[in-house]
Amino acid sequence: MTGVLLVRLSAMGDLVQSLGAVASLHAVRPDWRVTFVTQREWAPLLQGVPGVARVVAFDRRGGLGAVWRVRRALAAERYRFALDLQGNWKSALLTWLSGARDRIGMAADWRQEPASRWLLRRTITCAATPHPARAAWELVRSIAPDAAFSLPHLRATAAELAAERSWLERAGLDPVRPFRVVIGVDPRDPRALRPERVARLCRESQAVLLLGPDERGLGFAAPRVLTHGPGEVRRLVALGNAVAAAGGEVVGPDCGATHVLLAAGARGRVLFGSQDPRRTAPPTATALVG
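Here the sequence shown is numbered in numbering that gives the first Met the number 0, starting from 0 and rising by one per residue.
The hints are simulated quantities; they were obtained by calculation from the structure and are not laboratory data.
Cβ-Cβ distance ranges computed for the label pairs, FRET-style: (1) Gly98 x Ala198: 51 to 57 Å; (2) Phe148 x Gly171: 37 to 43 Å; (3) Asp101 x Arg278: 26 to 32 Å.
Just so it is clear, CB atoms sit at the ideal spot from N, CA and C, and this is done for glycine as well.
Construct the complete structure from the given sequences, taking the supplied hints into account.
Okay, here's the thing in structure tokens:
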């Protein structure tokens, strides 16, 4: 059996963007065994993703000990290919420590830390604008040339979806009718929607403001608020499935929560400020710049 290692440690949105390439590879090489290394807090997003046989969690605050633990976990299997989907020193180091015969990453102009390419065996060039979904696909095509571009698709369990719909009802929404999720981010973040825009978007009866663990206590004003705490990334998957099933929409900045909701099937609008949507926008989103 051909073993393939994929490494994408962060960020949450970029990890989700790369999962379309997993689907691409699985569609044409279903007999290959894929191991995925990502940060511990994002690992639950890979639960139930077709084509991922094993997930190895990396503790980004664990120092050299965390690197050694991943090295020991990877030593349990043999890999023919190791794909560095991220392009920095940590991700390149983990591909190198895997012992894979063929370690592949994107060329220097697509890498966060260009010199890290020296830990790889070969690199892939691409004339397109750098984008995490495109990078993952190009790397998959380097080992499976017939792999077509695919979108990420995250699926909650029936129990997770039912639980999230109960949360929505408690927040004052009817989760069966179309509803809007507005994603609130710390206003000091340059990606954030301005507070007045958030308030305007949340006025409708079927609209709810979504706050993560870092946004609590920031004084957002909205009639209906849904909060997700630390370690609850699976709830984002369920929420995205619920929005999609109800025919609702997501409005948010270019942040991890937005990417997860859209990868779970929700349609949405992503508002960009100083960021370039060509480099980070979800493929299915309507990108608005302003």
